[in-house]
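Let the sequences and hints guide you as you build the complete structure.
2 protein chains.
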Amino acid sequence: MKDFIVIGHKAVTAPFSLNDLPGAAGRMDILCRCVNAALFLSHDLRRDVRVHLVLKGEPAPPKLVRFDGAAVRYLSPDERSAASLIKKALEKNAQDFWTESMPGVSIRKGDFGDLLRELNKKIIYLREDGEDIRGKELGESPDGFLFVLGDHMGLTGDEEKIIEGYEHEIVSAGPLSLHADHCIIILHNEMDRAEKHI
Amino acid sequence: MKDFIVIGHKAVTAPFSLNDLPGAAGRMDILCRCVNAALFLSHDLRRDVRVHLVLKGEPAPPKLVRFDGAAVRYLSPDERSAASLIKKALEKNAQDFWTESMPGVSIRKGDFGDLLRELNKKIIYLREDGEDIRGKELGESPDGFLFVLGDHMGLTGDEEKIIEGYEHEIVSAGPLSLHADHCIIILHNEMDRAEKHI
Chain P
1 MKDFIVIGHK AVTAPFSLND LPGAAGRMDI LCRCVNAALF LSHDLRRDVR VHLVLKGEPA
61 PPKLVRFDGA AVRYLSPDER SAASLIKKAL EKNAQDFWTE SMPGVSIRKG DFGDLLRELN
121 KKIIYLREDG EDIRGKELGE SPDGFLFVLG DHMGLTGDEE KIIEGYEHEI VSAGPLSLHA
181 DHCIIILHNE MDRAEKHI
Chain W
1 MKDFIVIGHK AVTAPFSLND LPGAAGRMDI LCRCVNAALF LSHDLRRDVR VHLVLKGEPA
61 PPKLVRFDGA AVRYLSPDER SAASLIKKAL EKNAQDFWTE SMPGVSIRKG DFGDLLRELN
121 KKIIYLREDG EDIRGKELGE SPDGFLFVLG DHMGLTGDEE KIIEGYEHEI VSAGPLSLHA
181 DHCIIILHNE MDRAEKHI
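Same order as they appear, the protein sequences are chains P and W. Using my numbering, the letters of the first sequence map in sequence onto residues 1 to 198. Using my numbering, the letters of the second sequence map in sequence onto residues 1 to 198.
To be clear, the hints were calculated from the coordinates, so they are not data collected in a lab. There are no misleading hints in this set.
Straight-line distance between alpha carbons at most 27 Å, and here's what the computed DSSO-like set of lysine-lysine pairs gives:
{"id": "1", "chain 1": "P", "residue 1": "K196", "chain 2": "W", "residue 2": "K136"}
{"id": "2", "chain 1": "W", "residue 1": "K136", "chain 2": "P", "residue 2": "K136"}
{"id": "3", "chain 1": "P", "residue 1": "K10", "chain 2": "P", "residue 2": "K87"}
{"id": "4", "chain 1": "P", "residue 1": "K136", "chain 2": "W", "residue 2": "K196"}
{"id": "5", "chain 1": "W", "residue 1": "K196", "chain 2": "W", "residue 2": "K121"}
{"id": "6", "chain 1": "W", "residue 1": "K122", "chain 2": "W", "residue 2": "K196"}
{"id": "7", "chain 1": "P", "residue 1": "K2", "chain 2": "P", "residue 2": "K136"}
{"id": "8", "chain 1": "W", "residue 1": "K121", "chain 2": "W", "residue 2": "K2"}
{"id": "9", "chain 1": "W", "residue 1": "K2", "chain 2": "W", "residue 2": "K161"}
Output of the computed footprint for chain W on chain P, the stretches with three or more beta carbons under 8 Å from beta carbons of chain W:
{"id": "10", "segment": "21 to 30"}
{"id": "11", "segment": "78 to 85"}
Predicted, not measured: the structure shown is a model, and the values here were computed from it. Glycine is no exception: its CB is placed at the ideal position from the N, C-alpha and C atoms.
Next up, the structure:
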């Protein structure tokens, strides 16, 4: 299982208009592109991937939304499609446990720390000054992988402290500073190659 | 200069609604994501990149829309932002020569063949059965690079024939079949690494 966590510091926690994802929805466009990057192959979905979105914007933070590649349906590659599923999840009355809002999409109340506690595995934290991902061993891991990425604001000091409570490494996807969804594409490419030994 | 050509076989050639890019606009979402993938760094644009979109859908095909990273303004990373600039370009009365519709965005009448004739350089054509991009020499080239990618339908036999009239090679971005925008991310990563010698 490959898990991706993306933290949306401004991403709203109530239903939003699909016509202004970057503005009124608090850079929800970033999270939508990460869902696309993590889950889509050309004419298929990556079934061994889950994407966890941490929504920290108003009015009712924090909330967690999860896309499960093995179960998700009604998801198209465009941003608006992922946004529509996130919006539907936010229409649910979120509890302290996961509730499925649509096939393969679930929501709960909870923060980054709750999510890490639940997943409880080694963290690969993407940061532009991290060690180069290329050369890391990404071929096999009994627990799979857990990647953590920030939005346009990166991670806060407090969030980094939470990561430090777990086994972790800090890696970068290349020599330039890239958007989170672009990093996810590169991570997948490295894992695809490692799995195929090329 | 790095040039990317993406062919949109169904992409409409008249102004369209921003609320249905995959449907009524003929998979315009694919082209918008390619614009994002080709041009965006984390808090910057790739100034040495141009993206050329070939729009082959109704009602007035073919048309070419160009985004020039050195000049473009008013472009945000979300799909709707690129779509809005494409739409504005389509509001122009397209001629047989380039007309700028917004800073860094231009439109003309013309087809894939016209564009290749104009750019007139070696083509790197992305196809899933091509040779692995990794290991190719992408560090330096006096003319830069010209990449050609298809939409969800790939390239037609006729389009491939046009490519065969030029010096070209056929490459793939990895072991799995990926969306065009995901391929662009991987191509950039390879070029970024080659330029930095890592």
